[in-house]
Amino acid sequence: MNATIARLTWRSLLGRRRAVLLMVLPAILLILAVMFRVFQGADADNAAFLLGIFGVPFLIPLLGLIAGTGSIGPEIDDGSIVYVLAKPLSRYKIVVTKLVVAIVVMIAFGVLPILAAGYVLANGTSKVAIGYAAGSFAAGITYCALFLLLAVMTRNAVVTGLLYVLVWESAVGTFVPGAQALSIQQWGMAITEKIIGAPAEDLRATSPVGLTTAVVLLIVLFVGTTAYAGYRLRSIRLTSDE
Amino acid sequence: MTADSPLSMRLDGVSRWYGNVVAVNDVTMEIKAGVTGLLGPNGAGKSTLIHLMSGFLAPSSGTVTLHGQPTWHNEPIYRRIGLVPEREAMYDGVTGWQFVLYNAQLHQLKQPKEAAARAIDTVEMADAANRDIGTYSKGMKQRIKMATALVHDPDVLLLDEPFNGMDPRQRMQLMDLLHDLGERGRVVLFSSHILEEVEQIAGSIEVMVAGRHAASGDFREIRRLMTERPHQYTIRSSDDRTLAAALIADGSTSGVELQPGVLNVQATDYARFAHQLPAFARAHGVRLFEVSPADESLEKVFSYLVAR
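Protein sequence lines, in the order shown, are assigned to chains V and X.
Residue numbering for the first sequence is 1 to 242, as defined by the working numbering.
Residue numbering for the second sequence is 243 to 550, as defined by the working numbering.
Keep in mind the hints are simulated off the structure, nothing from the lab.
A quick note: this is a predicted structure, and the numbers were derived from the prediction, not measured.
Ideal Cβ placement from N, Cα and C applies to all residues, glycine included.
A portion of the hints provided could be inaccurate.
Claimed, not checked - Listed next, the in silico DMTMM-like pairs over lysine to aspartate or glutamate satisfying Cα-Cα at most 20 Å (straight line): (1) X:K380 x V:D78; (2) V:K87 x X:D395; (3) X:K383 x X:D369; (4) X:K274 x X:D422; (5) V:K87 x X:D422.
Stated by the list, open to error - Partial selection, computed: residues in chain X whose CB lies under 10 Å from chain V: (6) A300; (7) Q311; (8) E317; (9) P327; (10) E328; (11) A331; (12) N345; (13) Y378; (14) M382; (15) R483.
Looking at chain X on its own, in the form it has when it is part of the complex (with noise of 0.2 Å):
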C-alpha cells in the first residue's frame, strides 16, 4: 500500500472467538472512501467488527488495517479514526462544549477551541452545547458524541448503531452529515439493523450474520436478494385445501402446507403471488380470512442471504 492509494479499511481473514464462541469468522472486507453501512440482525458481530476496526480488539486470527497500518495496538491510528461508540455513557457535569473541547485537547490540537466550535457547529450543537450533557435528550446526546469523533477530521469515521433513539429529524440530519462526509472523501462506516436506515445513505451494505459475512455490495442488489427470497405466509380461508390445490399449480409457490384451520404457503415469486392469491380466491369462490407474512423476522431473512 502506497502513501497514494486510495484509503481503505481492510479487514483479511479476520476471527474473534471469545472462549468456544465465534464472534467474528474468518471476515474479509475492504471498507473504501463514502458511505457504507454494516447490517445486521442484533447480535450478528457488528459491534465486534468495529471494535477490531478501531484497535479496542484484538483479532484472534486475520488482520485489521488501516492504509496499511494495523489498528491494533497502534495508539497513533486515532489521529485518522473517528470513533462514534454505541453506549451513552460520557463524563458527568461538562457541558457539550467542554466534552467536545477536551476530546480536542486529548488529540493535541494546536487550536482545541477552533476545532470545537467547528465539530460542534458542523452537528448544530452550538445553542445546546453549553448545557450540561446529562440534561441532554438520546438524539443530542448521539450528535455530541458525533462531535467529538469529527472534531480531529478524522479520515475514518467509524459509528455503532448512530440512529438509535433518534427522532426522524435527527436521523435525518445526521444522516445528511455523513452522506456529506463520505461526499468528500471520508470513509464512513456505520452499524444499523434496519435496512430501510441503510438503504437511505449508504452506497455500499456489508451483512453480517451470526458472525459470518454474508453480502457485500450495493444496497440495490442487496435489496433484490431480500425481495426475491422465498417469502412464508399463513392463510386462514373458507377452504383451504381448494386454495392450496391452485395455488401449487400455479408458478409463484414452491410449497403448500395444509393443517387444521391454516394454510402455510412459500411464496417464491413474491410479486405474482401477490396478484394471484385474490384472483384464485375470486375463481374459486373461496373467502379469504387473514393472509399473514408467516417469516418476516429480520434474522431469518439475513439467514437466507447467508443461504445462498
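If we strip away everything but chain V, and leave its shape as in the complex, we get (with noise of 0.2 Å):
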C-alpha cells in the first residue's frame, strides 16, 4: 500500500461525476427498500427479491465497473498516470493500492447499502441481509480486480465491463445453464445461497456453482487479474503526441 497513491486515487474516483454516480446507485436501492418495507411491510422473501434483482446483477457489478476502471483507467488516459510510473515503485503495489481503494468504494457504496437494505426489508430476524452483503463483497471485489485489469489492458474497458455485465452474466448468463458457472454474480450466490441456508431455496437465492467451486474461482480471478494487472502495468505504453 502506498497512502499517496491511495489519496490521489481516490480523489480521483470520487471527483468529476464520479460520485454523484456512486451515490446515486445505492440510494435507489435504499429508498426501494423503505418503500418496500413501508407499503408491504418487513418480509424476508422481499428482500431476496429486492436485492436477487437490483442488488446483486445490477448495484454490484456496475460498482466494480466504476470503482475498477475508474481506480486507474482516467490516470491511463489523460496520461498523468506517468507521475506515479516515474517513481521508484512497484508496479504491483501500485496495482494492489489502487485496488484497495476501488474495494473500500466497493464496500462503501454497495456492500453496506446492500446490508443496510436488507435489514430494512427483513428486519434483521434473517440472514438475508448477511447472506446478500456477503456474497456482494465476495464478488464486488473480484470486479474490481478484473475491471481493473480490463483498464491497464484496454483503452475501452468499460464498453467490454459492460458487455460482460450485461451480455455475459444478464443475458447469456440467466438463459444458458452453462454460462452460468462463468458468472463472477453465481459465485457469489453460491456464497449467499450458503450463509441463508435453508430458506435459500424457498428465496430463490441459489447458484448453480458449488460453494467450494465458487470460492476457489473467486480466489484464482482475484488473485490472477491483480497480479496480471501489476505485469502489464510494468509494461504499459504511453500515448505520446508523436
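Put the two chains together into one complex, using the hints given.
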C-alpha cells in the first residue's frame, strides 16, 4: 500500500461526476427498500427479491465497473499516470493500492447499502441481509480486480466491462445454464446461498455453482487478475503526441 | 562501466517499431553531463526516444542504459531520472504545492516537504504554489511539471518539448535553469523542433529525422551544415531568362529552372548568391519583383542533414 497513491486514487474516483453516480445507485436501492418496507412490511421474501433483482445483478457489477476502471483508467487515458510510474515504486504495489481504494468504494457504496437494505426489509431476523452482503462483497472485490485489469489492458475498458455484465452475466448467464458457471455473480450467490441456508431455495437465492468451486474461482480470478494487472502495468505504453 | 565513470545515458543500436512502422531506426548515441538538445521535426521520433530513455518503452532491438543499468523494467532507476512529459494532464483539484509534495512522497524522500519547497523555489513558483493547478497558465504548468521532475534532485533530467506554449520570459527562465543544471554536472536532455531554441542553451545537439539519428555534436557545426546546404529560391523578374543565364554562369548556384513566369534557383553558396543576385539584376537591367525561399520547411532542412 502507498498512502499517496491511495489519496490520489480516492480523489480521482470521487471526483468529477463519478461521486454522483456512485451515490445514486445505492440511494435508489435504499429508497426502494424503505418503500417496500412501508408498503409491504418487513419480509425476507421481499429482501431477497429486491437484492436479487437490483443489488446483486446491477448495483454490484456496475459499482465494480466504475470503481475498478475509475481507479486507474482516467489516469492512463490522460497520461497523468506518468507521475506515479516515473517513481521507484513496484507496479504491483501501485495496482494493489488502487485495488484497495476501489474495494473501499465498493464496500461503502455497494456492500453496506445492500446490508442496510437487507436489514430494512428482512427486519434483521433472518440471514438474508448478511448472506447477500457477504456474497456481494466476494463478487464485488472480484469485479473490481477484473475491471481494474481491463482498464490497464484496454482504453475501452468500460464498454468491454459493460458487455461482460450486460451480455454475459445478465443475458447469456440467465438463459444458458452452462454460462452461469462462468459468472462472478453466480459465484457470489453461492456464498449467499450457503449463509442463508435452508430458506435459500424458497427465496430463490441459489446458485448453480457449488460453494467450494465458487470460492476457488473467486480467489483465482481475484489474485490472478491483480497479479496480471501489475505485470501489464510494468509494460504499459503511454501515448505520445508524436 | 564503473561507479566512478562519468554519468551518461547510452543508446546502442536502438530501434523501435510499431507493427510495420519504424519510429526509431538503429540509433546509437551517448548523452553526457551538460545540456543536450534533441532536435528534429515533428514525427521524427524524439518523443519515442525520450520514452525509451525514461524506461516507458522497450526497445524492439538494442539497449538503453543509464550508467550501465537498463532503463526498461527497472523501477529503481527513477531515483536518478526526472521526467517532464509533453502532455499537460496532471491531477485534478490539487494545488501546485500538493502536486509537487505528492511527487516527493511518491519518491519516498525523507523530508518531502522540504524537497517540495526547494523544487518550487527553483522554478520560481512559490507565489502561485497554493493555487489549483487547473488555474495555471501553460507556462506555469510547465514549471510545476519541472518542479515534480526536480524534487528528488535527479542525475538525469529528460524534457519532452519543454518550451511549448511558454512566453519569452518563461522561456528564458527555463533556459537559465536548464543551463544551471547542466553546469552542475547533470545530464539534461530536452527535445525541440526549433533550432534557435536548442542552440541557445544546448552544448551539444542530437538531430533526429524520420526516426534516424541524422547528426550529432556541437550546435555550431550543425548550424554550419544547415546554413551551407543548398537553398531553393523562387524568383519573379522582368526577364527571367537573362537572370537565369547570369546566375548559372556564377559559382553560387548549382541549377536554375525556367518555368512560365517564374525562375527556380538552387543556391549552393548562400552568402554569395544573396550578394550577387541584386548585382546581376542591376547590371543586366532586370527588375526583381519577388525573391522568396522555396525550400525552407524544417523537414527538408533536416532531410538534407540525413543525406549528408
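Hint by hint, here is what the structure shows:
At most 20 Å may separate the alpha-carbon atoms for a hinted pair to count; X:K380 and V:D78 meet this at roughly 16 Å. With a CA separation close to 13 Å, the supplied pair V:K87 and X:D395 stays within the 20 Å bound. For the suggested pair X:K383 and X:D369, the alpha carbons sit about 14 Å apart, so the restraint of at most 20 Å is met. For the given pair, X:K274 sits about 15 Å from X:D422 by alpha-carbon distance, which is consistent with the 20 Å threshold.
Between the alpha carbons of V:K87 and X:D422 the distance comes to roughly 24 Å, so the proposed pair goes past 20 Å and is violated. For the restraint placing X:A300 at the interface with chain V, the shortest Cβ-Cβ distance is roughly 7 Å, inside the 10 Å limit, so the hint holds. Hint status for X:Q311: violated, given a least beta-carbon distance of 12 Å to chain V, over 10 Å. Proximity of X:E317 to chain V holds as hinted, the smallest CB-CB distance being about 5 Å (cut-off 10 Å).
At about 5 Å, the closest approach between the beta carbon of X:P327 and any beta carbon in chain V falls short of 10 Å, and the interface hint on this residue holds. This hint holds: X:E328 has a C-beta 6 Å from the nearest C-beta of chain V, less than the 10 Å allowed. At its closest, the beta carbon of X:A331 sits 4 Å from a beta carbon of chain V; the interface hint therefore holds under the 10 Å criterion. Taking 10 Å as the C-beta contact cut-off toward chain V, the hint placing X:N345 at the interface holds, the least distance being around 6 Å.
Proximity of X:Y378 to chain V is violated relative to the hint, the smallest CB-CB distance being about 14 Å (cut-off 10 Å). Residue-level restraint check for X:M382 is violated (minimum Cβ-Cβ distance to chain V is 17 Å; threshold 10 Å). Using the Cβ-Cβ criterion of 10 Å, the hint placing X:R483 at the interface with chain V is not satisfied: the shortest such distance is roughly 46 Å.
Consistency with the previously given hints fails for numbers 5, 7, 13, 14 and 15, ordered from lowest to highest.
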